[in-house]
Amino acid sequence: MLRILHDTKYDFIKPWRIAIGVTVAFIATGLIFLGVHHGLNRSIEFTGGTLVQAEFAKAPNVGDLRSTIDAAGFQGAEIQQFGSDTSFTIRAAGHQTAGGKVENTASEIQTALEQKYGKANVHIARTEIVGPRVGDELSRNAMIAIVISLGITLIYLAFRFEWRFGVAAVIATAHDLLSTLAFLAIMRLEVSLTVVAALLTVIGYSLNDTIIIFDRVRENLKKARPEPLYDVLNRSINETLPRSILTHVTVAAATLSLLLFAGEVIRPFSWIMLFGIVTGTFSSIYIAGPVLLWIERRWPRNIGGKAGSSPSAKAAPNRPTSPRTPVGAR
Amino acid sequence: MSNLKWRLAIIGVLVLASVWALYPRNVKVRQRRADGTFFDTTTYRVPLRRGLDLQGGMHLALEVDDSKGVVANKPEAIDRALKVVRTRIEGLGVSETVIQKAGNDRINVDIPGVDDRERAIKIAQDQAFLEFQITDKTGAFEKALPRLDALAREKGFGGAVASAAATTSPSASAPLGGLLTTGTDTAAKGAAAKSDSAKKDTAKADSATLGAGGPISKLILGGQMPGQFLFERANYDALKNFFESPAATAALPPGKVVRFGSDSTVIGNKVYRSLYLVDERPIITGEYLTDAKPNQSPLEGTIVEFTLSNEGGRRFQRETAKHVRDYMAIVLDKVVMGAPPVINSAIGTRGQITMGGKDLQAAQDLALVLKAGALPVPLRVAEVRNIGPSLGQDSIHKAFTAGAIAIALVVVIMLGYYRFAGVLAVGGLALYVLYTLAVLAGFDAVLTLPGLAGFVLSIGIAVDANVLIFERIREELDRGKTVRTAIDEGFRHAMSAIIDSNVSTILTAMVLYQFGTGPVKGFAVTLIAGIVASMVTSIFVVRTFFLLWLNRSRGAQTLSI
Numbered sequence: 001m002l003r004i005l006h007d008t009k010y011d012f013i014k015p016w017r018i019a020i021g022v023t024v025a026f027i028a029t030g031l032i033f034l035g036v037h038h039g040l041n042r043s044i045e046f047t048g049g050t051l052v053q054a055e056f057a058k059a060p061n062v063g064d065l066r067s068t069i070d071a072a073g074f075q076g077a078e079i080q081q082f083g084s085d086t087s088f089t090i091r092a093a094g095h096q097t098a099g100g101k102v103e104n105t106a107s108e109i110q111t112a113l114e115q116k117y118g119k120a121n122v123h124i125a126r127t128e129i130v131g132p133r134v135g136d137e138l139s140r141n142a143m144i145a146i147v148i149s150l151g152i153t154l155i156y157l158a159f160r161f162e163w164r165f166g167v168a169a170v171i172a173t174a175h176d177l178l179s180t181l182a183f184l185a186i187m188r189l190e191v192s193l194t195v196v197a198a199l200l201t202v203i204g205y206s207l208n209d210t211i212i213i214f215d216r217v218r219e220n221l222k223k224a225r226p227e228p229l230y231d232v233l234n235r236s237i238n239e240t241l242p243r244s245i246l247t248h249v250t251v252a253a254a255t256l257s258l259l260l261f262a263g264e265v266i267r268p269f270s271w272i273m274l275f276g277i278v279t280g281t282f283s284s285i286y287i288a289g290p291v292l293l294w295i296e297r298r299w300p301r302n303i304g305g306k307a308g309s310s311p312s313a314k315a316a317p318n319r320p321t322s323p324r325t326p327v328g329a330r
Numbered sequence: 331m332s333n334l335k336w337r338l339a340i341i342g343v344l345v346l347a348s349v350w351a352l353y354p355r356n357v358k359v360r361q362r363r364a365d366g367t368f369f370d371t372t373t374y375r376v377p378l379r380r381g382l383d384l385q386g387g388m389h390l391a392l393e394v395d396d397s398k399g400v401v402a403n404k405p406e407a408i409d410r411a412l413k414v415v416r417t418r419i420e421g422l423g424v425s426e427t428v429i430q431k432a433g434n435d436r437i438n439v440d441i442p443g444v445d446d447r448e449r450a451i452k453i454a455q456d457q458a459f460l461e462f463q464i465t466d467k468t469g470a471f472e473k474a475l476p477r478l479d480a481l482a483r484e485k486g487f488g489g490a491v492a493s494a495a496a497t498t499s500p501s502a503s504a505p506l507g508g509l510l511t512t513g514t515d516t517a518a519k520g521a522a523a524k525s526d527s528a529k530k531d532t533a534k535a536d537s538a539t540l541g542a543g544g545p546i547s548k549l550i551l552g553g554q555m556p557g558q559f560l561f562e563r564a565n566y567d568a569l570k571n572f573f574e575s576p577a578a579t580a581a582l583p584p585g586k587v588v589r590f591g592s593d594s595t596v597i598g599n600k601v602y603r604s605l606y607l608v609d610e611r612p613i614i615t616g617e618y619l620t621d622a623k624p625n626q627s628p629l630e631g632t633i634v635e636f637t638l639s640n641e642g643g644r645r646f647q648r649e650t651a652k653h654v655r656d657y658m659a660i661v662l663d664k665v666v667m668g669a670p671p672v673i674n675s676a677i678g679t680r681g682q683i684t685m686g687g688k689d690l691q692a693a694q695d696l697a698l699v700l701k702a703g704a705l706p707v708p709l710r711v712a713e714v715r716n717i718g719p720s721l722g723q724d725s726i727h728k729a730f731t732a733g734a735i736a737i738a739l740v741v742v743i744m745l746g747y748y749r750f751a752g753v754l755a756v757g758g759l760a761l762y763v764l765y766t767l768a769v770l771a772g773f774d775a776v777l778t779l780p781g782l783a784g785f786v787l788s789i790g791i792a793v794d795a796n797v798l799i800f801e802r803i804r805e806e807l808d809r810g811k812t813v814r815t816a817i818d819e820g821f822r823h824a825m826s827a828i829i830d831s832n833v834s835t836i837l838t839a840m841v842l843y844q845f846g847t848g849p850v851k852g853f854a855v856t857l858i859a860g861i862v863a864s865m866v867t868s869i870f871v872v873r874t875f876f877l878l879w880l881n882r883s884r885g886a887q888t889l890s891i
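If you read the protein sequences in the order shown, they are chains A and B.
Per the working numbering, the first sequence starts with residue 1, numbered consecutively.
Per the working numbering, the second sequence starts with residue 331, numbered consecutively.
Heads up, a few of these hints could be off.
Claimed, not checked - DSS-like, lysine-lysine: derived pairs with alpha carbons at most 30 Å apart:
{"id": "1", "chain 1": "B", "residue 1": "K652", "chain 2": "B", "residue 2": "K701"}
{"id": "2", "chain 1": "B", "residue 1": "K688", "chain 2": "A", "residue 2": "K223"}
{"id": "3", "chain 1": "A", "residue 1": "K119", "chain 2": "A", "residue 2": "K58"}
{"id": "4", "chain 1": "B", "residue 1": "K664", "chain 2": "A", "residue 2": "K222"}
{"id": "5", "chain 1": "B", "residue 1": "K570", "chain 2": "B", "residue 2": "K664"}
{"id": "6", "chain 1": "A", "residue 1": "K223", "chain 2": "A", "residue 2": "K9"}
{"id": "7", "chain 1": "B", "residue 1": "K811", "chain 2": "A", "residue 2": "K116"}
{"id": "8", "chain 1": "B", "residue 1": "K701", "chain 2": "A", "residue 2": "K116"}
{"id": "9", "chain 1": "A", "residue 1": "K119", "chain 2": "B", "residue 2": "K452"}
{"id": "10", "chain 1": "B", "residue 1": "K452", "chain 2": "B", "residue 2": "K467"}
{"id": "11", "chain 1": "A", "residue 1": "K9", "chain 2": "A", "residue 2": "K222"}
{"id": "12", "chain 1": "B", "residue 1": "K688", "chain 2": "A", "residue 2": "K119"}
{"id": "13", "chain 1": "B", "residue 1": "K811", "chain 2": "A", "residue 2": "K9"}
{"id": "14", "chain 1": "A", "residue 1": "K58", "chain 2": "B", "residue 2": "K728"}
{"id": "15", "chain 1": "B", "residue 1": "K728", "chain 2": "A", "residue 2": "K119"}
{"id": "16", "chain 1": "B", "residue 1": "K600", "chain 2": "B", "residue 2": "K701"}
It is worth saying that the hints were derived from the structure and are not from the lab.
For reference, chain A alone in the conformation it holds in the complex (with noise of 0.2 Å):
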């Protein structure tokens, strides 16, 4: 039988000082790019605007294309390469069209590009137009879905687990929404919608290795012989390491051959999972751990009946900042 990492005693919560410390350096880092970038690199989805996804026959000089597209009227329209080199995507911001009307923007670029290059060079792969309107309208849709889904998990775990372990688990996922935003600030990713869906995706997955150390919580605690909380969590994070190694190795198996070979397109949205997989690890056990620990110790269960300790008593030796008795080792 092939093992990894089985029967492991390590103290997971004792750094959790250093893992919170290193965490808060990573999204204050994320909000200085933030503000150097004067805000995310959203897609015309949110921002409004035009893109245009044009494939040259050969690699065309990136000036010429520039000064060609400036000619067009289009001044401070950006010009990206899209993954090969003869492949760009053109994004013209807000509505600078000489025609006037919204839905002409793309026709436009579209004329300079064939007469610059020739028809037969130069092919429209795709164009997007997106008014301001529906823009502002997404960028809310997309802040509701995140507050709504974050509530309903909330709802759900505090039905199924406890409101200490649902509060736990929310807050730990909402620090994966906030380093992954941090994330995409740092890397300069654009924001699109299926960036959005990937940031969801996330939260369900942090969420999901969140709860099955819950889970395995919840289980230890039934069990007759009375812990203190922090060892319980301990031995329950040890408990699981191999499932989280392996379903961490395989998920990351399958979102890398999605960076590698599924196209620019998803290339955001992979590369948001895959720091997904690691903040979501991260934040079920350095955040929901020492969270649950901190919340229980402000308002303790109570513990229903057990020979007469009273929970104040039980929770204070149970401070993540208590004396650390080597776990295990009781």
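We have chain A; now place chain B onto it with these hints.
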């Protein structure tokens, strides 16, 4: 053991149902011939619907345009507009179009395979409000000219356009004189194609004296028929702006309105366009129209022939009888189409609209929008996405490569780590892929590129439940339980974690479905289908495999897991 037989039977039925759902079959597809007509054909393929981003096509979002006046009851108006847009787009004859309302004031239109962006937009967006209005023959425009001139002077219109006119046409210094001569020219030219009465009316128009010198009147020449006036094309925008202003509308004689013409005329070396003064009240509108067909006539070029309903026909006959020898302007969306024909006698239920120099496709499109009826509210384009078919093909190809590699990796990991139990898990994974695709086909869900990515990802996530169960079985074996008990306990204890984690993911996916659009909705659907299928395979199918194995090797002491 009947329990096991039942389990196997259920799996068998699920597999058969899945294979049936996915079995390639004849799918009716409508295609367009080069000449623009449609024909139905059948292709043999797997019945999975591909989204616009995979098969190429166009997504269009239209919203109520309230920039020109407030729209009173938006939700109600958009419902009526939706019906009109649907009829028009379905008239295009492309299969699998999706036309639906989004929110309170938007219409989403998905047209697979369409590459002519502008044409599709025009068909969806044209208001297509058809009116028949009698041109003025009382010389009311000429009488109103001094008032219009005064108004134009007040507004400072004269200076701007006079200079524009001076630069564009230096020879047009004497409009009135020019009017008389060129007017006659045109009349003579036009007369060849017109009836005698037209000539007489033109002569009358020519003899009318327009007040010379005003900023408006010096730009305008008399036309070939009563109520028609010509002006140089360069002045079109200025005049259009002027006549659209409320003050100018108020200065016109009561019950009369100005409409611009669609065609231009070349006189000498100059291009002229026309405007018409017509009765505000239309003698009939497009609401009585029952049919419209494009046609080509050697004399008039491209035309659209229309038929009115019986009621409309009666009304049309009554009205035209009152207006014999008058000219009838056919006004589409406030633009006079072609030259207004003269009414020689009462007209019944049939008529035609001349399209000038437009091609047959333009006539086809006009017939289509006329038949579908007018839009109750003006619409503007909120969003257009256009994806070429080759890009979609490329995406499918790449997603398949990624999927195949992902499956291979997961299989290697599971077999390497769990050995025999891994084989069972891989068997479960194969059924997982089959079931998921079948669910997608069964619910007629649309497969999009993010959806495909979600599917590939779910292959990695799908084995999670297996991993949970297998690890649990190992723990139970460690505690010295027999193989059979360990398997039972493993499945039992892993259940709560599997259900809780999957239900919370499904909840997230449902939120995504609710708030997402197009491709993202596809992603949510794939995710939900994947989670349900993975729960079925890991809890039920793999369990059955274990039971089958236990049954075969009764009293097995060891389990390769």
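Unmet hints by their number, sorted upward, for this structure
2, 4, 7, 8, 10, 16
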